[in-house]
Every structure is written in structure tokens, then in C-alpha cells.
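Dock chain D against chain A, hints included.
One-letter residues, chain by chain:
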Amino acid sequence: MIHDAVINVLAIDFPPISHLIEWPSGPLGINKVVVLMWLSVILVFGLMYAGSRKKALVPAGVQNLAESAVDFIHNGIILETIGPDGMGYAPLLFTMFTFIFALNIWEIVPFAQMPVNARIALPILLALLVWFIYNIVGIIKQGFFGYFKNAMFPPGVPWPLYILVSPIELVQIIIVRPLSQSVRLFANMLAGHLLLTSFAIITASLWSLSFLIVIWPASLALLIALTAFEVLVSFLQAFIFTILTAVYIGGSMHPDH
Amino acid sequence: MLHVLAETDPGEVAKGLTAIGRGIVYGGAAIGPGIGIGLVVASAITAMARQPESAGMVRTTMFLGIAFTEALALFGFVLAFIISG
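So the protein sequences, as listed, match chains A and D. All residue numbers for the first sequence refer to our numbering, where the first residue is 81 and numbers rise by one. All residue numbers for the second sequence refer to our numbering, where the first residue is 328 and numbers rise by one.
Excised from the complex, chain A in its bound form (with noise of 0.2 Å):
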């Protein structure tokens, strides 16, 4: 599937895809992706149990990070999509978001250099939870054919389009949310993961070649631009993996009329 003959460009060597993202396991298959998940599952869950635990009522410190961002979640996310009755959602969303923003900065990390979202297991499990959460809430709140019927033939639509809409619409409540939610996580993070890694090699090759160093800052900086990129990657696709999945809810809770 993935070839893994060394690229050799301009007498750099690139590594293959494959020593990029496959890590050796130890016991019970645990490698460095199943630890830096741990970890982040650690560091969410404790930043905001210490930002939950004082109360203050002009918040400092960690209580600040923990309230702006809940704060987020309300007004960013869920009174943006689904409406003021989602607020029952916000436990979900909130850790979701948390969840996967900090899986994906470890991608920035020194010494740890990976997203764990750059392995498609964690996209396909959190997009799978996804999918069984919207259905069903579509269910209970309309019904087992209340949910099918409006969600293959929307209001508006001249009937001979039913022909055309109506399939469309049942793939992709059942297929193409889920795919395309992982693969977008998934193929963000692996093309974040592999630009920088190409610029570091880049950078660390033209290093050792005599006349090339000329454009050695160059690439250097490109590589500082980056990962500054990269931390905004990572913000935005924790931001959109969750409001997608805040969509789908209020898809589901208010069928359109």
C-alpha cells in the first residue's frame, strides 16, 4: 500500500511515509500515540479540574482558561447551530473540542512531534460516536419514520427532485458525515504532520550542502511559519470537527418546516 523506498530529491533524503507515523509497540500494542493520548486525556481533565475547583468570581489563572472556553462552546458553537435548548449538549461538545485540540497540538510539541489525530483509529471512533449520537436524538425526538421522512424529503422541493434529493440525502446521513468527518481530521493533521517534517528535513539537509546554504534561512523560516500555522490548524479542526457534530445535532432536534 505505502512503498517504502527512500525519495531521494536533490541528494536529500526523505524517509518513507511510513517511519513517519508507525511507532514501535510494546506491551498490549502500546506505542507513543496510545501515550500521548493518555496524556491529553490527563492534561484536559486536569487543567480544568483545577480551573472548576476555586470559583472565584473574577476569574485568574486556569479558571479564566477553563470559563472562556466553556464560554466558547455557548456562544461560539451552540447558540451559533443548534439554538438556546442545546444547552444539554455542551458537557459533549465541550470535551470534544478539548479533547481533540489537545490530541492535535502535539503536533507543535518538541520532543513529541505527533498528532495523535494523524492515526485514523481516534477520527473514525470520535466520527462513529458522532454518528450514533445524531441518529438517535434524530429518533426520539421525531420519530423512527418521522427521521427518515424529513431528512429524504425536505419541504420546498418540487417532487420529481425527490427522485434525485431523496437518495442523496439517505448516504449521507448514513455514510458520507461519518467518512468525511474522520477523513478530514485525519487527512488535515497526517498533511500538517508531513509538511513540517519536509521542512525540517529540508532544512537540516541544506545544512551540510555546501553551495545550498544560501537558502538555508529561507527554509528555516518557512519552517518557524509553519508550525506557527500548524497551531491554528490544529485550533481550527478541533473547532470544526465540533461544530459539525453541533450541525448534525440540530439537524436532528429541528427538521426543517
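Distance ranges between label pairs, derived from CB positions:
id, chain 1, residue 1, chain 2, residue 2, range
1, A, P190, D, G343, 33 to 41 Å
2, D, A376, A, Y129, 41 to 49 Å
3, A, P335, D, I409, 31 to 39 Å
4, A, D336, D, I409, 34 to 42 Å
5, D, I409, A, L208, 15 to 23 Å
6, A, G106, D, S370, 45 to 53 Å
7, A, A192, D, G383, 31 to 39 Å
8, A, L292, D, I351, 28 to 36 Å
9, A, P190, D, G355, 30 to 38 Å
10, D, G343, A, V237, 42 to 50 Å
11, D, G383, A, L145, 16 to 24 Å
If you're looking for bench data, these hints aren't it; they were derived computationally from the structure. No residue lacks a Cβ here, since even glycine has one placed at the ideal position from N, Cα and C.
Showing chain D alone in chain A's frame:
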């Protein structure tokens, strides 16, 4: 031309063609989403400039639109790695 091809190892040719195919797959998959994301962001900027008070709602919707449009390019990105020679 022909005797050059005859001397080349067919495995090497297949490997080279695979590499070209990967490039074409990702390059082709990036064209449409590139145009699409441009349209989405351009319209969002126009909307924000006309009604700055609605900027929050427009930004949320813009990210949603970008996410849907971008998915196709990312499928191409993944497909380029899956193709084997």
C-alpha cells in the same frame, strides 16, 4: 526510443508511472476545492463588509462551508497515498 524502453526495468517504469499518477490524483482533486474555497471566503468577506454586525454568524457559516468544500481535496490527498504501484 524503443530500445531505451527495452533496456529499462519494467518495475521501474511502473513505479515512475505510479508516482505520476499520485501527483495527477492530488493535483486534480485540489482544483475544484481551491476554486470553491475561494468563492466561499470571497462571499463571506463581502457579507462581513456589508454587515459587520453579522460577522460572527457569517464566520461560523464560512468555516462550515470551507469544511464541506475542503473534504473533496482531502479525499484526493488520502487517495494519492492509497494508490499502489
